[in-house]
Amino acid sequence: MPADREHFAENLFVSGHTACSGCGQSLAARLVMNVAGPNTMVANATGCLEVFSTKAPETAWGVPWIHSLFENASAVASGIEAALKHTGQIDKVRVIAQGGDGGTADIGLQALSGMLERGHDILYICYDNEAYMNTGIQRSGLTPFDAHTTTSPAGKQSTGNPTVKKPLVEICAAHHIPYAATASVGYPQDVQKKVKKALDIRGPKFLQIHVPCPLGWRSDPAATLEIAKLAVQTALYPIVEYEYGKLVKVMKIASLKPVVEYLKLQGRFKHLFKNEEELKKVGAVAEKNCEYYGLK
Amino acid sequence: MFSILASKAKTSRANKTGSWRSLKKPKYLKTNCIGCKLCKLICPEGCIEGKEKNQYDTNLDYCKGCGLCVYICPKKDIEMVDEDK
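Protein chains in written order, with my numbering: chain A, 502 to 797; chain B, 158 to 242.
Treat the hints as calculated values from the structure; they're not laboratory data.
Please note: incorrect hints may appear among the correct ones.
Stated by the list, open to error - With a straight-line cut-off of 25 Å between C-alpha atoms, the simulated SDA-like cross-links for lysine to any residue are: (1) B:Lys208 with A:Asp721; (2) B:Lys194 with A:Gly656; (3) A:Lys697 with B:Asn189; (4) B:Lys233 with A:Lys697; (5) A:Lys753 with B:Tyr228; (6) A:Lys758 with B:Lys197; (7) A:Lys556 with B:Lys194; (8) B:Lys181 with A:Val564; (9) A:Lys758 with B:Val227; (10) B:Lys184 with A:Glu511; (11) B:Lys181 with A:Pro722; (12) B:Lys184 with A:Pro689; (13) B:Lys181 with A:Ala724; (14) A:Lys556 with B:Lys184; (15) B:Lys197 with A:Val564; (16) B:Lys233 with A:Gly563; (17) B:Lys208 with B:Asn189; (18) B:Lys173 with A:Thr555; (19) B:Lys197 with A:Glu511; (20) B:Lys233 with A:Asp691; (21) A:Lys694 with B:Asp241; (22) A:Lys694 with B:Gly192; (23) B:Lys181 with A:Lys758; (24) B:Lys210 with A:Ser720; (25) B:Lys197 with A:Ser720; (26) A:Lys697 with B:Lys181; (27) A:Lys694 with B:Glu209; (28) B:Lys197 with A:Gly580; (29) B:Lys165 with A:Gly580; (30) B:Lys232 with A:Gln690; (31) B:Lys197 with A:Val552; (32) B:Lys187 with A:Val552; (33) A:Lys694 with B:Lys181.
To be verified - Label pairs and their computed distance ranges (CB to CB): (34) B:Thr188 with A:Lys753: 43 to 51 Å; (35) B:Lys233 with A:Ala755: 44 to 52 Å; (36) B:Lys165 with A:Gly637: 39 to 47 Å.
No residue lacks a Cβ here, since even glycine has one placed at the ideal position from N, Cα and C.
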């Protein structure tokens, strides 16, 4: 087999997709698919991932993959799982539902909650890039406090997004599902470990992966991994694991960094550096995370 | 009409996204590589090929020149060079 063909054979999410340079989401999708393996079926919500990976008539996926609508990735996956159960193939095939933060935390939340409630054997993965990037950076329920987006613009009367991130992993854990966790592409081995662990568990699972978006965050493509790591080290993105509704593990922060280090790399927080008061408020969000999850 | 609704797997490789690179491309020095595979693991394009140490290299047909491989390499064995070198 030529080297080129061999390379494409071992990857399940291949080159040639049309993501931006330095895209955290395409990186995360490859990490997930290469752990999940070929015996996987994927239901995808509308979003960046769907658009850049399947430029019709081409596709970057090496597994059966379906896209239906924005809100119903969980419902479509539930149907796939029910059919696999009915035909007795559920032990051979794993089902993954996936979407961005808008498709999960805002638009697809009721379908996700239904899927968790009915107890389908599905892993739901939320690629959290903290806004609707596909349609041009509108704020979503998972946009962080004080971030500039096109629907929460920073200016004279506003300092960006007025609300803090929706506690999505806790909403999912509150369904008392076997596994709900967060991860970050800054720690790629941790992402793969968590996907592997989740796929070994039967029942509904939820994983939220923090994926920097150079376009929407106005950051350098080469800094994608650095930014993802800093979000964790400044306690703005706590890495936690829940089992059956109980917090079982958190990623401890050895040396807590000031939030400024994370904010200064991104254009969406540029306006904060003229406003000391707002910087303190972002610092308070990090402190609250530290206290609430016991990150130190 | 329906032929467009389903695509054959992995057909996106027809898009040679390497033409998106504007200024720099990664160069593998192939001297201090320890074969940790980190560059291959984190490449957003998945275009790094190779199996053993000092053999990894980027497929420039697909590389978009983000430079994440340079950031992650623990031995600093990859560097960004000008496109015409």
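Hints, verified against the model:
1. For the given pair, Lys208 (chain B) sits about 30 Å from Asp721 (chain A) by alpha-carbon distance, which is inconsistent with the 25 Å threshold.
2. Of the pairs offered as hints, the one joining Lys194 (chain B) and Gly656 (chain A) is violated, with about 45 Å between alpha carbons and a cut-off of 25 Å exceeded.
3. For the proposed pair Lys697 (chain A) and Asn189 (chain B), the alpha carbon gap of about 31 Å is over 25 Å, so the pair is violated.
4. A distance of roughly 30 Å separates the Cα atoms of Lys233 (chain B) and Lys697 (chain A); the hinted pair therefore is violated under the 25 Å criterion.
5. Under the criterion of a C-alpha separation no larger than 25 Å, the hint pairing Lys753 (chain A) with Tyr228 (chain B) is consistent with the structure, at around 24 Å.
6. Taking the CA atoms of Lys758 (chain A) and Lys197 (chain B), the gap is about 29 Å. The hint is violated against a cut of 25 Å.
7. Simply put, Lys556 (chain A) and Lys194 (chain B) have alpha-carbon atoms about 29 Å apart, too far for the 25 Å limit, and the pair is violated.
8. Proposed proximity of Lys181 (chain B) and Val564 (chain A) is contradicted: the alpha carbons are some 33 Å apart, above 25 Å.
9. Distance hint between Lys758 (chain A) and Val227 (chain B) is fulfilled; the C-alpha atoms sit about 24 Å from each other, no more than 25 Å.
10. As the CA atoms of Lys184 (chain B) and Glu511 (chain A) are separated by approximately 23 Å, the hinted pair is consistent with the 25 Å bound.
11. The straight-line distance between the Cα atoms of Lys181 (chain B) and Pro722 (chain A) is roughly 12 Å, inside the 25 Å bound, and the hint therefore holds.
12. For the hint linking Lys184 (chain B) to Pro689 (chain A), the alpha-carbon distance of about 23 Å falls within 25 Å, and the restraint holds.
13. About 15 Å separates the Cα atoms of Lys181 (chain B) and Ala724 (chain A), which keeps this hinted pair within 25 Å; it holds.
14. The hinted pair formed by Lys556 (chain A) and Lys184 (chain B) fails the criterion: a straight-line CA distance of about 29 Å is larger than 25 Å.
15. Under the criterion of a C-alpha separation no larger than 25 Å, the hint pairing Lys197 (chain B) with Val564 (chain A) is consistent with the structure, at around 20 Å.
16. In summary, the hint linking Lys233 (chain B) to Gly563 (chain A) is not supported, as the alpha carbons are separated by about 32 Å, beyond the 25 Å threshold.
17. Note on Lys208 (chain B) and Asn189 (chain B): the hinted pairing holds, with a Cα-Cα distance of about 15 Å set against a maximum of 25 Å.
18. Proximity of Lys173 (chain B) to Thr555 (chain A) is assessed by CA-CA distance (about 15 Å); at most 25 Å being required, the pair is judged to hold.
19. Taken as a hint, the Lys197 (chain B) and Glu511 (chain A) pair is honoured in the structure, with Cα atoms around 12 Å apart against an allowance of 25 Å.
20. Distance restraint check for Lys233 (chain B) and Asp691 (chain A): the Cα-Cα separation of roughly 23 Å lies within the 25 Å cut-off, and the hinted pair is therefore satisfied.
21. Restraint check: the Cα-Cα separation between Lys694 (chain A) and Asp241 (chain B) comes to about 40 Å, which exceeds 25 Å; the hinted pair is violated.
22. Pair hint Lys694 (chain A) plus Gly192 (chain B) holds up; C-alpha atoms about 20 Å apart against a cutoff of 25 Å.
23. A threshold of 25 Å between alpha carbons decides the hint, and for Lys181 (chain B) with Lys758 (chain A) the separation of about 31 Å lies outside it, so the pair is violated.
24. A C-alpha spacing of about 32 Å is found between Lys210 (chain B) and Ser720 (chain A), which places the hinted pair above 25 Å, so the restraint is violated.
25. For the proposed pair Lys197 (chain B) and Ser720 (chain A), the alpha carbon gap of about 23 Å is at most 25 Å, so the pair holds.
26. A hinted pair counts as satisfied when its Cα atoms are at most 25 Å apart, and Lys697 (chain A) with Lys181 (chain B) does not qualify at roughly 36 Å.
27. This hinted pair checks out: Lys694 (chain A) and Glu209 (chain B) have alpha carbons roughly 23 Å apart, not beyond 25 Å.
28. For the hint pairing Lys197 (chain B) with Gly580 (chain A), the CA-to-CA distance comes to about 35 Å; that exceeds 25 Å, so the pair is violated.
29. Between the alpha carbons of Lys165 (chain B) and Gly580 (chain A) the distance comes to roughly 23 Å, so the proposed pair stays at or under 25 Å and holds.
30. The straight-line distance between the Cα atoms of Lys232 (chain B) and Gln690 (chain A) is roughly 18 Å, inside the 25 Å bound, and the hint therefore holds.
31. Of the pairs offered as hints, the one joining Lys197 (chain B) and Val552 (chain A) holds, with about 24 Å between alpha carbons and a cut-off of 25 Å not exceeded.
32. Pair hint Lys187 (chain B) plus Val552 (chain A) does not hold up; C-alpha atoms about 36 Å apart against a cutoff of 25 Å.
33. This hinted pair does not check out: Lys694 (chain A) and Lys181 (chain B) have alpha carbons roughly 33 Å apart, beyond 25 Å.
34. Distance hint check for Thr188 (chain B) and Lys753 (chain A): the Cβ-Cβ separation is about 37 Å, which falls outside the suggested range of 43 to 51 Å.
35. Range check, Lys233 (chain B) to Ala755 (chain A): Cβ separation about 24 Å, and the 44 to 52 Å hint is violated.
36. Evaluation of the 39 to 47 Å hint for Lys165 (chain B) and Gly637 (chain A) yields a failure: the beta carbon distance comes to about 31 Å.
Going down the numbered hints, you'll see the structure goes against 1, 2, 3, 4, 6, 7, 8, 14, 16, 21, 23, 24, 26, 28, 32, 33, 34, 35, 36, while the others check out.
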